[in-house]
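> Sequence:
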Amino acid sequence: MQFHVITIFPEVCAAYTSASVLGRAQKAEKGKGAKVKGKQIDVSYYNPRDFATDKHKKVDERPYGGGPGMVMLAEPILKAWEKAVGKKTASLKKGKVKTLIMSPRGTMFTNELAKQWASDYDHLVLISGRYEGIDARVKEILGAEEVSVGDYVLTGGELPALTIIDSVSRQIPGVLGTFESLEDERPTSGVTYTRPEVLTYKKKKHPVPEVLLNGNHAEIDKWRSGL
1 MQFHVITIFP EVCAAYTSAS VLGRAQKAEK GKGAKVKGKQ IDVSYYNPRD
51 FATDKHKKVD ERPYGGGPGM VMLAEPILKA WEKAVGKKTA SLKKGKVKTL
101 IMSPRGTMFT NELAKQWASD YDHLVLISGR YEGIDARVKE ILGAEEVSVG
151 DYVLTGGELP ALTIIDSVSR QIPGVLGTFE SLEDERPTSG VTYTRPEVLT
201 YKKKKHPVPE VLLNGNHAEI DKWRSGL
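Residue numbers (the numbering used here): 1 to 227.
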């Protein structure tokens with residue numbers, strides 16, 4: 001899976017995607033026996049300022065019709081999109097490229113969507129807006145889908161884009177290391193314990209539930225499912 005993030009703050013996003021699980025997935029080869037060797041995921045960044053035509057690298061302008069704030073210009077974003085996927089003709093023809101615009105008014109992002117996109121697409125383009133939004137012609141020209149990660153408004157689309165990259169990446173075989181690491185594929189309550197077996201805090205003892213210590217995995221799964 002290749003992620004293409006269009007943002008005026010690529011360095012902010014790259015700090016996250018270069019670390020931990022996502023960072024390793026961009027360096028690792030696919031699982032043993034894989035016919036295609038290479039990265040499990042790839043994350044690239046495209047700054048609209050690099051495609052601005054004026055000397056100040058301006059990417060925003062006042063909205064037509066008046067109103068507060070500024071609106072992101074269409075042309076720099078469209079050029080960034082072309083840079084990202086313009087040469088991937090085969091993938092475009094096969095419908096393997098999906099373009100998303102981060103928006104609080106969009107389709108609510110879910111784990112089911114993460115699974116679907118990981119399965120159906122080779123390229124996800126994530127457009128992160130700022131200010132009052134993006135010129136609506138970007139969505140129209142690219143056939144993009146607006147997507148939201150929650151019923152709230154943020155100062156920009158970078159955090160939603162990172163959320164989607166993280167969630168979709170987890171659905172790609174090998175990124176988490178083991179199938180069992182996917183919470184929705186095993187019984188789980190979200191309640192977990194580790195050592196010590198008895199934690200003493202302010203003179204009060206807090207033991208681990210006995211069922212987790214007896215080695216009976218059927219009982220453990222039942223406990224986790226029913227908690």
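Bear in mind the hints are in silico, worked out from the structure with no lab data behind them. All of these numbers come straight from a predicted model, not from anything done at the bench. Any given hint could be a false lead.
Claimed, not checked - Derived DSSO-like pairs (lysine-lysine); straight-line CA-CA distance at most 30 Å:
#1 K94 x K55
#2 K79 x K58
#3 K27 x K58
#4 K94 x K58
#5 K139 x K222
#6 K83 x K139
#7 K93 x K55
#8 K55 x K83
#9 K98 x K87
#10 K55 x K139
#11 K39 x K57
#12 K57 x K115
#13 K96 x K55
#14 K83 x K115
#15 K93 x K115
#16 K83 x K93
#17 K202 x K139
#18 K55 x K115
#19 K58 x K87
#20 K205 x K115
#21 K204 x K115
Said to hold, decoys possible - Here are the computed distance ranges between Cβ atoms for each label pair:
#22 L113 x V153: 19 to 25 Å
#23 K39 x V208: 56 to 62 Å
#24 H217 x D42: 36 to 42 Å
#25 R195 x V12: 34 to 40 Å
#26 V198 x E219: 45 to 51 Å
#27 D221 x K39: 33 to 39 Å
#28 K204 x A136: 30 to 36 Å
#29 T53 x A136: 16 to 22 Å
#30 K96 x S20: 26 to 32 Å
#31 G67 x K204: 55 to 61 Å
#32 N216 x L176: 21 to 27 Å
Just so you know, even glycine gets a beta-carbon here, dropped at the ideal spot from N, CA and C.
> Check each numbered hint against the structure and report the violated ones by number, ascending.
The structure breaks hints 1, 3, 4, 5, 7, 11, 12, 13, 17, 18, 20, 21, 23, 26, 28; every other hint is satisfied.
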